[in-house]
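A.B. asks: Chains as they are written, first to last, in my numbering: chain F, 1 to 188; chain A, 189 to 376.
Just so you know, these hints were derived from the structure itself, not from any lab. One or more of the hints may lead you astray.
Unchecked claim - Computed list of lysine-lysine pairs in DSS-like fashion (alpha-carbon distance at most 25 Å, straight line):
no., chain 1, residue 1, chain 2, residue 2
1, F, 126, F, 49
2, F, 38, F, 20
3, F, 126, A, 226
4, F, 15, F, 126
5, A, 208, F, 20
6, A, 226, A, 314
7, A, 237, F, 20
8, A, 208, F, 49
9, A, 203, A, 314
10, A, 208, A, 314
11, F, 38, F, 15
12, A, 226, A, 203
13, F, 15, A, 208
14, F, 38, F, 49
15, A, 208, A, 237
2 protein chains.
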Amino acid sequence: MARDTRERMVLATSKLLQRKGFHGTGLNQILAEAEAPKGSMYFHFPGGKDQLAAEAIRSSGDYVDRALRAHETANALESVDTYLADLGEALERSGFVAGCPIATAALEVGATTPEVGDACHAAFEKLIGRVAGWIEADGADHATASDQAFLIYSAIEGALVLAKAQRSIEPLRRLRAQLPRLLGRPTT
Amino acid sequence: MARDTRERMVLATSKLLQRKGFHGTGLNQILAEAEAPKGSMYFHFPGGKDQLAAEAIRSSGDYVDRALRAHETANALESVDTYLADLGEALERSGFVAGCPIATAALEVGATTPEVGDACHAAFEKLIGRVAGWIEADGADHATASDQAFLIYSAIEGALVLAKAQRSIEPLRRLRAQLPRLLGRPTT
Chain F
1 MARDTRERMV
11 LATSKLLQRK
21 GFHGTGLNQI
31 LAEAEAPKGS
41 MYFHFPGGKD
51 QLAAEAIRSS
61 GDYVDRALRA
71 HETANALESV
81 DTYLADLGEA
91 LERSGFVAGC
101 PIATAALEVG
111 ATTPEVGDAC
121 HAAFEKLIGR
131 VAGWIEADGA
141 DHATASDQAF
151 LIYSAIEGAL
161 VLAKAQRSIE
171 PLRRLRAQLP
181 RLLGRPTT
Chain A
189 MARDTRERMV
199 LATSKLLQRK
209 GFHGTGLNQI
219 LAEAEAPKGS
229 MYFHFPGGKD
239 QLAAEAIRSS
249 GDYVDRALRA
259 HETANALESV
269 DTYLADLGEA
279 LERSGFVAGC
289 PIATAALEVG
299 ATTPEVGDAC
309 HAAFEKLIGR
319 VAGWIEADGA
329 DHATASDQAF
339 LIYSAIEGAL
349 VLAKAQRSIE
359 PLRRLRAQLP
369 RLLGRPTT
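The shape of chain F in the complex, shown without the other chains (with noise of 0.2 Å):
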């Protein structure tokens, strides 16, 4: 029952984190929507609001790995592009509040609170390790691989900035047009 209030507040903070970022995001909100009592916090993170962000931040990068592995093929092309077509639809269905769980606290916290940092930085790196994966399963040689893998996921990045200032998915939409040229093959 600990583990549990442990687990729903890691979740709860996520989640948090993906829709409202790391200064949005309240201690209350969070043992609120975690069901979880007053004394948790301290209890189960003596660091405080960076230790949970922190954690919260590791468990967002493993689900959206499994997200990207839900995507994969033996084809690198078709992996980002379908993983990029189900992450616009759930961008749209969430009125463009879930966009990279990781992104925002980076941006707000990453070079303040090297807990925060540090750990945005391991997801970073695991998640473009998975496309660079996937490129060089393809054929691609590694280091070609991994340049690619680095600019398609900064791309992805930044497209999600950009969906969410115009609440439209156009920006991935674009970025899908493109990932043939990103990944060096010939455009049809």
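Given the structure of chain F, go ahead and fit chain A onto it with the hints provided.
C.D. replies: Chain A in isolation, oriented as in the chain F frame:
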């Protein structure tokens, strides 16, 4: 003098949004940094924090556009590359707190506060249009220039997210190395 107070408030808000985001920026801090009396907020900005933030985002968009134009040459690749070199230097000098002055607010409240979202969207359109203009002037057709500028600007925003998380300008360096490919130029 009233005009000066208003301008100081917009400037202070722009800087705070860049460093701490929307939710991390308090009205009292804005007033303090702008050296503005208490009543200034609703005297100059009857629409409150949303109105002030939207105006600060517009002002930041103009600021970034001036920074882009300061790097304008006849060669689009060189223009983007030297802009990114200076952006990286400024980011590093700030201890990685001063990234894009628009993206954090876009992720936090772009989808939920239309006044701020619209200002972010308009600013991004202007900046992407600036880069597209460079690429078109450098010989690309309009549609290609627009696609390449969109992709480059998305990648810049994403690389800034990664740079803040890892407190390193390495992502900007990697992006610069891939600019020739993004612009369809032969790589050396």
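A.B. asks: Each hint should be assessed against the structure and marked as holding or not.
C.D. replies: Each hint, compared with the structure:
no. : hint          : result
1   : 126/F / 49/F  : holds (24 Å)
2   : 38/F / 20/F   : holds (21 Å)
3   : 126/F / 226/A : violated (47 Å)
4   : 15/F / 126/F  : holds (20 Å)
5   : 208/A / 20/F  : holds (13 Å)
6   : 226/A / 314/A : violated (34 Å)
7   : 237/A / 20/F  : holds (16 Å)
8   : 208/A / 49/F  : holds (16 Å)
9   : 203/A / 314/A : holds (20 Å)
10  : 208/A / 314/A : holds (23 Å)
11  : 38/F / 15/F   : holds (19 Å)
12  : 226/A / 203/A : holds (19 Å)
13  : 15/F / 208/A  : holds (20 Å)
14  : 38/F / 49/F   : holds (14 Å)
15  : 208/A / 237/A : holds (15 Å)
When held up to the earlier numbered hints, the structure conflicts with 3 and 6 and fits the remainder.
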